[in-house]
Amino acid sequence: MKGLIFSIEEFALYDGPGIRVNVFFKGCPLRCRWCHNPEGLSPEKQIVRSPNGCIGCGACRDVCESPESCVLCRKCIITCPRGLIRVCGEEWDSEALAKHILKFSPILSNGGVTFSGGEVLMQADFLSELLDRTASLHRAIETSGFGSTEAFERVLSKTDLVYFDLKVMDGEKHKLYTGVDNAVILKHAKMLMHSGVPYVFRVPFIKDVNTDEENLQRLKAFLSEAPTPPTVEFLLYNKMAGAKYPLAGMAYTEHFEQPDEADIERAKRILRAFNISFRK
Amino acid sequence: MTERIKKLKAALENREHRVHRRKLTEEELSVILPQIRNRALTYMERHTLRLKLFLELEQPVLLPGTEVYGLRTIEYFPDIYSEEELEEIKKTHYVHEKGKVTNLSWAVETVLTEGLEGRRARLLNGARADEEFVRLAGETIDIVEAFADRYAAAITESGKPDAGEALSRAVRFGAKTMAEAFQVFRILHFAVWASDCYHNTVGRFDQWLLPFYRHDLENGIETKESALEKIEDFFLSFNWDSDLYYSLAWGDNGQSLVLGGCLRDSTCAVNEITELALIAAREVRQIDPKINLRVDKNTPIELYELATELTKIGLGFPQYANDDVVIPCLEYWGYEPEDARNYAIAACWEFIVPENAMDIPNINGVPLAEIVHDVIEAHLMECDTLEELMAFVKDALTKRAIDMASVVKNLHLEPAPLLSLLMGTCADEGKDISAGAKYNNIGFHGTGLSSAADQLAAVDSMIFRTGKIEKERLLKGLSENYQNDRELRWMLRNEADKMGRDESANEIGNRLLHIFADAVEGLRNERGGIVRAGTGSAMYYVWHSRDLPATADGRDAGEYLPANFSPSLFLTKAGPLSALLGFSSDALKRTSNGGPMTLELHDSVFKDEQSVSKVAQLVRAYILAGGHQLQLNSVNAEKLRAAQLEPEKHQDLIVRVWGWSGHFVELDRCYQDQVLSRVEYKEL
Numbered sequence: 021m022k023g024l025i026f027s028i029e030e031f032a033l034y035d036g037p038g039i040r041v042n043v044f045f046k047g048c049p050l051r052c053r054w055c056h057n058p059e060g061l062s063p064e065k066q067i068v069r070s071p072n073g074c075i076g077c078g079a080c081r082d083v084c085e086s087p088e089s090c091v092l093c094r095k096c097i098i099t100c101p102r103g104l105i106r107v108c109g110e111e112w113d114s115e116a117l118a119k120h121i122l123k124f125s126p127i128l129s130n131g132g133v134t135f136s137g138g139e140v141l142m143q144a145d146f147l148s149e150l151l152d153r154t155a156s157l158h159r160a161i162e163t164s165g166f167g168s169t170e171a172f173e174r175v176l177s178k179t180d181l182v183y184f185d186l187k188v189m190d191g192e193k194h195k196l197y198t199g200v201d202n203a204v205i206l207k208h209a210k211m212l213m214h215s216g217v218p219y220v221f222r223v224p225f226i227k228d229v230n231t232d233e234e235n236l237q238r239l240k241a242f243l244s245e246a247p248t249p250p251t252v253e254f255l256l257y258n259k260m261a262g263a264k265y266p267l268a269g270m271a272y273t274e275h276f277e278q279p280d281e282a283d284i285e286r287a288k289r290i291l292r293a294f295n296i297s298f299r300k
Numbered sequence: 170m171t172e173r174i175k176k177l178k179a180a181l182e183n184r185e186h187r188v189h190r191r192k193l194t195e196e197e198l199s200v201i202l203p204q205i206r207n208r209a210l211t212y213m214e215r216h217t218l219r220l221k222l223f224l225e226l227e228q229p230v231l232l233p234g235t236e237v238y239g240l241r242t243i244e245y246f247p248d249i250y251s252e253e254e255l256e257e258i259k260k261t262h263y264v265h266e267k268g269k270v271t272n273l274s275w276a277v278e279t280v281l282t283e284g285l286e287g288r289r290a291r292l293l294n295g296a297r298a299d300e301e302f303v304r305l306a307g308e309t310i311d312i313v314e315a316f317a318d319r320y321a322a323a324i325t326e327s328g329k330p331d332a333g334e335a336l337s338r339a340v341r342f343g344a345k346t347m348a349e350a351f352q353v354f355r356i357l358h359f360a361v362w363a364s365d366c367y368h369n370t371v372g373r374f375d376q377w378l379l380p381f382y383r384h385d386l387e388n389g390i391e392t393k394e395s396a397l398e399k400i401e402d403f404f405l406s407f408n409w410d411s412d413l414y415y416s417l418a419w420g421d422n423g424q425s426l427v428l429g430g431c432l433r434d435s436t437c438a439v440n441e442i443t444e445l446a447l448i449a450a451r452e453v454r455q456i457d458p459k460i461n462l463r464v465d466k467n468t469p470i471e472l473y474e475l476a477t478e479l480t481k482i483g484l485g486f487p488q489y490a491n492d493d494v495v496i497p498c499l500e501y502w503g504y505e506p507e508d509a510r511n512y513a514i515a516a517c518w519e520f521i522v523p524e525n526a527m528d529i530p531n532i533n534g535v536p537l538a539e540i541v542h543d544v545i546e547a548h549l550m551e552c553d554t555l556e557e558l559m560a561f562v563k564d565a566l567t568k569r570a571i572d573m574a575s576v577v578k579n580l581h582l583e584p585a586p587l588l589s590l591l592m593g594t595c596a597d598e599g600k601d602i603s604a605g606a607k608y609n610n611i612g613f614h615g616t617g618l619s620s621a622a623d624q625l626a627a628v629d630s631m632i633f634r635t636g637k638i639e640k641e642r643l644l645k646g647l648s649e650n651y652q653n654d655r656e657l658r659w660m661l662r663n664e665a666d667k668m669g670r671d672e673s674a675n676e677i678g679n680r681l682l683h684i685f686a687d688a689v690e691g692l693r694n695e696r697g698g699i700v701r702a703g704t705g706s707a708m709y710y711v712w713h714s715r716d717l718p719a720t721a722d723g724r725d726a727g728e729y730l731p732a733n734f735s736p737s738l739f740l741t742k743a744g745p746l747s748a749l750l751g752f753s754s755d756a757l758k759r760t761s762n763g764g765p766m767t768l769e770l771h772d773s774v775f776k777d778e779q780s781v782s783k784v785a786q787l788v789r790a791y792i793l794a795g796g797h798q799l800q801l802n803s804v805n806a807e808k809l810r811a812a813q814l815e816p817e818k819h820q821d822l823i824v825r826v827w828g829w830s831g832h833f834v835e836l837d838r839c840y841q842d843q844v845l846s847r848v849e850y851k852e853l
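Chains E and R are the protein sequences, given in the same order. For the first sequence, counting from 1, position 169 maps to 189 in the working numbering; every step adds exactly one. For the second sequence, counting from 1, position 148 maps to 317 in the working numbering; every step adds exactly one.
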């Protein structure tokens, strides 16, 4: 079957062991207010424009025959003298994409493939086929955990490593910051903890969103339910989150702050029983 | 790094030593020029006289803090030829660059061990093929020894009589310790530069230094730590005068040093010095000496990781060479296995055999992109398959190679008695190296390979296989530099197959290299040497692109070709893995004259241990895939600024932003500036 991909990156550094190919699925049901991949949100193909280098020649506007709603005719892309416009989102057949990934097998050595997004569970059938077809490689997924339980279970059984986001522990706050409740996410996180599949929890660490004592205590309580102490990576928020919004024709209006030393020390203190790390 | 080295490095970077420099006076020139340009003398006599006058005018300067003495004070010393004379020579001879002996790797360990008197003994007791050489080489030994003695006297006067005595003795009868070896090397290296030979290499450093290092450890003279300090002092010495050396571009002075690889008997050559040298190069952080690391399928990942720590600091080295490809290639070209296994690196990346080769590996560049362009223009209409078109390419490339080889006749090379003395067998044979050696091969670079492959791949994928473009339309677009058909240009740039991404284009690139190898096979130069095909571009990628019209890969007229063995600047939707696979062609075992695959990684990928380890794995992956040579650049601020100005040429420049990576050109300007300022900060 076919799926929609918005990027394939061939030398990912932090998403699994060894040399990795990362495949980014297009489309996400969450709207995290700190999302740094705005072009991955829509499950549709879309025109994106690099904001830099535009000389304002207007050629793209002149050729456009459907300024109200883009029909992906590509005329603006071809016309742009600086090559700044492209279609974001490419339809791939799972067989062709698996073949494309597998051609790197000889040089991946102890590495593999990581499926990321967007949200991979939004295209669970496509993902499932890809996992089957790339079974000769080490396969990792990165997920928010938001999706159907049937899909999550199915995917989990075919995955060698899961990166699972635990953004905010309180359901209301989670909804406030991501647009969805976290009940199903926490349910899946518990399944993951007991699945025997290697996993890493990831926390986008953002000042005054999830750096407070209460959230960290709730996180600790949650992690304590795992049969063995989980690994947790804190990704420290920084101001670069908005970097790609103009590309996707969007504006980044959030004013989050990066965590300070006290926040990091708090996390270290509360979660000292777990294997935690911080990454900029 | 010790305090001594820190101070020395700071003094070098502050250019304090330059106060000792001077220009020759008019009066001095009026004495020198008539002597060295006296046409009544032979070239060898003039060359020797020039070296004598130069070294006699050099005043020893002992820079504080260093233990490796030898600082050039005369900024420029004239050539033995006037411009008119060189032009006259060119009328009847082939003159490569300045007509000098360059790019050789001398017998460092032997020379340092036996000293110049050891060379003199060989000279006097040898075959004496050329009596003039024997006489002038003997005089050259006197000249260099006298120069060393003046430095020795100055060292003694400075309160170091033992070091002064050691220099006079070691330069004559051989060095025993590391300190003596470095000092003698410095004097000889200085003198070779002064003799007007250029692109003077450092050879297999970890091999020639090892016996001295082990001697010193065994005798309690050095420890590992003190040896590292000495190596750093020695490495700094390559930078005192490097701006005065002849080169085509700043920094391109050939002071290349080789580490690792295998011994002549094919056993592993990696030793304690390999590691110390990588550490020393990282700590002193200078552009000389340029580090090359020989690796093979058995090289442990730890060595790659140590080397990656050096890449991380952003000097663009080490450059990796793959023994599993280079040695078979050298053997294929007729080098004896023991010589092939002992290979070193010349100026930039040309593979050379130390001691007994008088190869000129960079004698010319075959413009592959231009040849393919001309074939498409002339023959596309009569072709319906890639095979038909490739047949024309083969004919044209073969003809061009024959033409270029036939021009290399009556080669003029200025004799070089000093460098000859340092080479393997010239002293024994009594023959100047410029007259030839065991190997006398020449090398042709192949420039614009990826553009050539992409042009053919575009015709194949867009015309022959899919019919998306008509032949007439492509030819019209080419003739009009795509001015009236931007869609065509866009399709060729974005939709046509490209080397480094698409398998069909990779295969075309591989076939082109085989055709190149076939084209030069069997050609012989006047010295009986062969022509070696390679993947380097040197400066030809600029020269060959200036007058090249629009090409079928979507390139505009005059746009630069990619350098060396690298993918097109238009390549998108492909990362380093695709590029490494596409550029690990099996034809490299016939085309390893030199010329690296170049990968550019943003310096933030070297941020922590985990990512450094992954870069190391990536390098190893290329070696295991069969690549011959790899250069890794940590992308710096300059590159990012260029990407801001010309985003279309930097589509695939990846930068790490926040636990994730993005295409630099797609980031909002203020974020680009932020990345830029971060990089600049890191470079401080």
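Hints are computed from structural coordinates only; laboratory data are not their basis. If you're wondering where the values come from, they're calculated on a predicted model, not measured in any experiment. Just so you know, not all the hints are guaranteed correct.
Said to hold, decoys possible - Capping the alpha-carbon separation at 30 Å, the derived lysine-lysine pairs in DSS-like fashion look like this:
| # | chain 1 | residue 1 | chain 2 | residue 2 |
| --- | --- | --- | --- | --- |
| 1 | E | K227 | E | K240 |
| 2 | R | K329 | E | K22 |
| 3 | E | K227 | E | K178 |
| 4 | R | K607 | E | K22 |
| 5 | E | K259 | R | K776 |
| 6 | E | K193 | E | K95 |
| 7 | R | K568 | R | K818 |
| 8 | E | K95 | E | K178 |
| 9 | R | K758 | E | K119 |
| 10 | R | K481 | R | K607 |
| 11 | R | K645 | R | K818 |
| 12 | R | K267 | R | K637 |
| 13 | R | K329 | R | K221 |
| 14 | E | K300 | R | K818 |
| 15 | E | K259 | R | K742 |
| 16 | E | K65 | R | K742 |
| 17 | R | K267 | R | K192 |
| 18 | E | K178 | R | K607 |
| 19 | R | K192 | R | K481 |
| 20 | E | K123 | R | K742 |
| 21 | R | K637 | E | K65 |
| 22 | R | K607 | E | K119 |
| 23 | R | K742 | E | K119 |
| 24 | R | K466 | E | K123 |
| 25 | E | K123 | R | K818 |
| 26 | E | K210 | E | K178 |
| 27 | E | K227 | R | K758 |
| 28 | E | K227 | E | K210 |
| 29 | R | K818 | E | K65 |
| 30 | E | K95 | R | K481 |
| 31 | E | K259 | R | K818 |
| 32 | E | K123 | R | K267 |
| 33 | R | K645 | R | K568 |
Stated by the list, open to error - Here chain R is said to cover these stretches of chain E; the calculated rule only asks that three of the stretch's residues, wherever they fall, bring their Cβ under 8 Å from a Cβ of chain R:
| # | segment |
| --- | --- |
| 34 | 43-51 |
| 35 | 91-101 |
Quick reminder that beta carbons are idealized off the backbone N, C-alpha and C, glycines included.
Results of checking the hints against the structure:
1. A threshold of 30 Å between alpha carbons decides the hint, and for E:K227 with E:K240 the separation of about 18 Å falls inside it, so the pair holds.
2. Taking the CA atoms of R:K329 and E:K22, the gap is near 79 Å; set against the 30 Å cutoff, the hint is violated.
3. Proposed proximity of E:K227 and E:K178 is contradicted: the alpha carbons are some 35 Å apart, above 30 Å.
4. For the suggested pair R:K607 and E:K22, the alpha carbons sit about 62 Å apart, so the restraint of at most 30 Å is broken.
5. Annotation: proposed proximity of E:K259 to R:K776 holds, straight-line Cα distance about 19 Å (limit 30 Å).
6. Between E:K193 and E:K95 the alpha-carbon distance is near 44 Å, which puts this suggested pair outside the 30 Å criterion.
7. Distance check on the hinted pair: R:K568 and R:K818 sit about 33 Å apart at the alpha-carbon level, beyond 30 Å; violated.
8. With a C-alpha separation of about 42 Å, the suggested pairing of E:K95 with E:K178 is violated against the 30 Å cut-off.
9. Restraint check for R:K758 and E:K119: the C-alpha separation of about 28 Å stays at or below 30 Å, so the hint holds.
10. The straight-line distance between the Cα atoms of R:K481 and R:K607 is roughly 40 Å, outside the 30 Å bound, and the hint therefore fails.
11. With a C-alpha separation of about 24 Å, the suggested pairing of R:K645 with R:K818 holds against the 30 Å cut-off.
12. The straight-line distance between the Cα atoms of R:K267 and R:K637 is roughly 50 Å, outside the 30 Å bound, and the hint therefore fails.
13. Of the pairs offered as hints, the one joining R:K329 and R:K221 holds, with about 27 Å between alpha carbons and a cut-off of 30 Å not exceeded.
14. A hinted pair counts as satisfied when its Cα atoms are at most 30 Å apart, and E:K300 with R:K818 qualifies at roughly 29 Å.
15. Restraint check for E:K259 and R:K742: satisfied, since their Cα atoms lie roughly 27 Å apart, inside the 30 Å limit.
16. Of the supplied pair hints, the one linking E:K65 and R:K742 holds, its CA atoms being roughly 16 Å apart against a limit of 30 Å.
17. Between R:K267 and R:K192 the alpha-carbon distance is near 22 Å, which keeps this suggested pair within the 30 Å criterion.
18. Pair hint E:K178 plus R:K607 does not hold up; C-alpha atoms about 61 Å apart against a cutoff of 30 Å.
19. Under the criterion of a C-alpha separation no larger than 30 Å, the hint pairing R:K192 with R:K481 is inconsistent with the structure, at around 39 Å.
20. A hinted pair counts as satisfied when its Cα atoms are at most 30 Å apart, and E:K123 with R:K742 qualifies at roughly 15 Å.
21. For the given pair, R:K637 sits about 23 Å from E:K65 by alpha-carbon distance, which is consistent with the 30 Å threshold.
22. For the suggested pair R:K607 and E:K119, the alpha carbons sit about 50 Å apart, so the restraint of at most 30 Å is broken.
23. Straight-line distance between C-alpha atoms of R:K742 and E:K119 comes to about 16 Å, which keeps the hinted pair within the 30 Å bound.
24. Note on R:K466 and E:K123: the hinted pairing holds, with a Cα-Cα distance of about 20 Å set against a maximum of 30 Å.
25. Proposed proximity of E:K123 and R:K818 is supported: the alpha carbons are some 27 Å apart, at most 30 Å.
26. At most 30 Å may separate the alpha-carbon atoms for a hinted pair to count; E:K210 and E:K178 meet this at roughly 18 Å.
27. With a CA separation close to 56 Å, the supplied pair E:K227 and R:K758 exceeds the 30 Å bound.
28. Only pairs whose Cα atoms come within 30 Å are accepted, and E:K227 paired with E:K210 is accepted, the gap being roughly 26 Å.
29. The hinted pair formed by R:K818 and E:K65 meets the criterion: a straight-line CA distance of about 25 Å does not exceed 30 Å.
30. Straight-line distance between C-alpha atoms of E:K95 and R:K481 comes to about 42 Å, which puts the hinted pair past the 30 Å bound.
31. This hinted pair checks out: E:K259 and R:K818 have alpha carbons roughly 27 Å apart, not beyond 30 Å.
32. Annotation: proposed proximity of E:K123 to R:K267 is violated, straight-line Cα distance about 48 Å (limit 30 Å).
33. With a C-alpha separation of about 27 Å, the suggested pair R:K645 and R:K568 falls inside the 30 Å cut-off, and the hint holds.
34. For a cut-off of 8 Å, the count of residues in the segment 43-51 of chain E with a CB near a CB of chain R stands at 0, and the three-residue condition is violated.
35. Counting residues of the segment 91-101 of chain E whose beta carbon lies closer than 8 Å to any beta carbon of chain R gives 4, which reaches the threshold of three, so the coverage claim holds.
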